[in-house]
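Chains A and B, in that order, are what the protein sequence lines are.
If you're matching positions, the first sequence starts at 1 in my numbering and goes up one per residue.
If you're matching positions, the second sequence starts at 1001 in my numbering and goes up one per residue.
What the hints contain is simulated information worked out from the structure, not anything from laboratory work.
None of these values were measured; they are calculated from a predicted model.
Note that CB positions come from ideal geometry on N, CA and C, so glycine has one too.
Warning: the hint list may mix true and false statements.
[Stated by the list, open to error] Covered stretches of chain A, going by a simulated chain B footprint (3 or more residues, C-beta under 8 angstroms): (1) 103-117; (2) 123-129; (3) 177-190; (4) 286-299.
[Unchecked claim] One-sided excerpt, in silico: chain A residues whose CB lies under 7 angstroms from chain B: (5) Phe53; (6) Val100; (7) Gly279.
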Amino acid sequence: MHFLYSITIDPFAQIIAAPGFFLEVLVGGLLTGVMYSLVALGFVLIFKASGVFNFAQGTMVLFAALTFVGLIELKLPIWLAAILTMAVMTALAFAVERLVLRPLVNQVEIILFMSTIGIGFVLEGLGQMLWGGDVHTLDIGLPSGPINIGIINISKFDLVAAIVAGVLVTGLAIFFQRTRIGRALRAVADDHQAALSVGISLKQIWVIVWTTSGLVALVAGIMWGTSLGVQFSLTLVALKALPVLILGGFTSVPGAIVGGLIVGAFEKIGEVFWGPAFGGAIEDWLAYMLALVFLLFRPQGLFGERIIERV
Amino acid sequence: MLYREAGQFKTSYAADQAIFPILQDRLALVVLLAAAFIGVPLVANEYWLSTIFVPFLCYALAALGLNLLTGYAGQVSLGTGGFMAVGAFSAYKLATAFPGLHIVLVLLIAGLITAAVGSLFGIPSLRIKGLYLAVATLAAQFFLIWLFNRVPWFTNYSSSGVISAPPRAVFAHIFVTGPEAQPVGKYLFALTVVALLALAAKNMARSSTGRAWMAIRDMDIAAEIIGIRPLATKLLAFAISSFYIGIAGALWAFVYTGSVEPLAFDIDRSFQILFMIIIGGLGSILGAFLGAAFIVLLPILLINVPTLVGLNIKVTTVTNLQFIIFGSLIVFFLIAEPNGLARLWQIGKEKLRLWPFPY
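Extracted from the complex, chain A is given alone in its bound form (with noise of 0.2 angstroms):
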């Protein structure tokens, strides 16, 4: 009865007692869920692009945040070390396409989702060779501190990150929808084979796709690394994006930022609110059971594509 009573009534009563703190927790899950959509346009470029689920998405954006960082440490300037992760970020885009995509060309899906696990594995274990598996602390000159706006207060650094979500967003989408590169690129996901007979070069796709895939994860990399520090878990926020995709669909680029935005309030709010009567920590499968929930009803997300099969 009480257990009722604390999921039923409670949570509702603190939320209408002092709703600008209900408003700071929405906003700060919102900003939080932004920093879900980076990690997950990181998914849904090359899933778009290639039909490949990259589940080494989340050890990239460790892998780029590792580099840069240890590229700091070396006391290089933040441009360049920038300026140098990128290069790396390439390199590994073309040897990916080199070395496992093409050789798996015309495998079914999921023998390429696993080859991308295998892909993480390297990546984890080479960046932690490289850069050693202590947590970095990143500290590029992002403001950080609160921030006063009407009632409530918000952190500094989670706008900028916001800000940079939606430059890269507006970017991206700038990118799919008016450039040659864009329309190749929609082009090959819409059917490779019809792709290659215009005379679109698969293999230079992959790389490009890998490569902006690549960059967002250093962007988000930074981000996170800012604010958690660069530590192994980050891969496991990385897992977070997963069900942020579910939410906005595989293919859909706005449903990356919506899906992250929804993910990221419900999650904060269950956990402020609901989580007590839970005893604590929910925000570890919430936005898993979210996601399962959905899938049953809406298995293609709210903006993408219609799953239909044929025989």
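Given chain A, put chain B in place with the hints provided.
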């Protein structure tokens, strides 16, 4: 020359339907079982038994379970660790709540409970498949581990959150769990369980159940059209697979480590077992064993080889090297031999049939 079935005529349906139709295979199996049941306990010392053979058996059983689901029925699951935890914790609750319950019954009931939980989380597989299903099973993984971490009832209100297996005997005084248990007893008990379940799995895979699973795996819509009920078939695959995985988890907690915390069954465990079946061979009983042996032995090899050769590599470097080698091997196997070690073994047998005269 030695491995040839020429002259072995099958004169009855029973002979035609035998699990191992070739005499040499039967002999090899008998030799292998004899080696495992008699040879290993005689030769191996306590260290080998309790750090290599028993964990190998636990892993092999879990891999076997996952292989039934992923390899035969084609449903990818990343929740193996969570289901192992269900097995371990339900066995613990059963053993402590009913002290008179025989250890075999404890394992069986723990398996059945895991089967029920597994089918529950398998329900989404009716609407989704492939990657979507993998995400759905991640929900099971995270939720279950959270549950065992947070709800003190499961650990009998132990303050550390660690459960310790109570001492239990198979026969009058032959303990297989608890502090009094001898490694040999533990090993033989685990081996018996695994051997029996493997035999059952082998038979299941070639029965109508196994064929239905494979049909669903190859193309579910087509399978539905030829009259296979996807609901029953998929849920059965989840239930039976979870049954195996649950018993593996219970063996892990009771026979292998003796005491265990939920974090021992986290997402990394799920991945580890998934790799076992990829490297060993998807859709093969033998593959589960080969993959488990490979993944259990590889770290030991990687740790010991540098010191044997005289190189002095730091432990952290070895761990990282393990990651890199695991990853590369997975990619290598997917490219070179998507059917894993089991397929290599099969190719070897084909070659042996002709050897030394190729025609």
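Structure-based check of all given hints:
1. Only when three residues or more bring their CB closer than 8 angstroms to a CB of chain B does the claim for the segment 103-117 of chain A stand; here the count is 10, and the claim holds.
2. Taking a C-beta to C-beta cut-off of 8 angstroms, the segment 123-129 of chain A contributes 6 residues in contact with chain B, enough for the three needed, and the coverage statement holds.
3. Taking a C-beta to C-beta cut-off of 8 angstroms, the segment 177-190 of chain A contributes 0 residues in contact with chain B, too few for the three needed, and the coverage statement is violated.
4. Look at the segment 286-299 of chain A against chain B: 7 of its residues bring a Cβ nearer than 8 angstroms to a Cβ of that chain, three or more, so the hint holds.
5. Taking 7 angstroms as the C-beta contact cut-off toward chain B, the hint placing phenylalanine 53(A) at the interface holds, the least distance being around 5 angstroms.
6. The interface hint given for valine 100(A) holds, since its Cβ lies 6 angstroms from the closest Cβ of chain B, which is under the 7 angstroms cut-off.
7. For glycine 279(A), the interface hint holds, since its Cβ comes within 7 angstroms of a Cβ in chain B; the closest pair sits about 5 angstroms apart.
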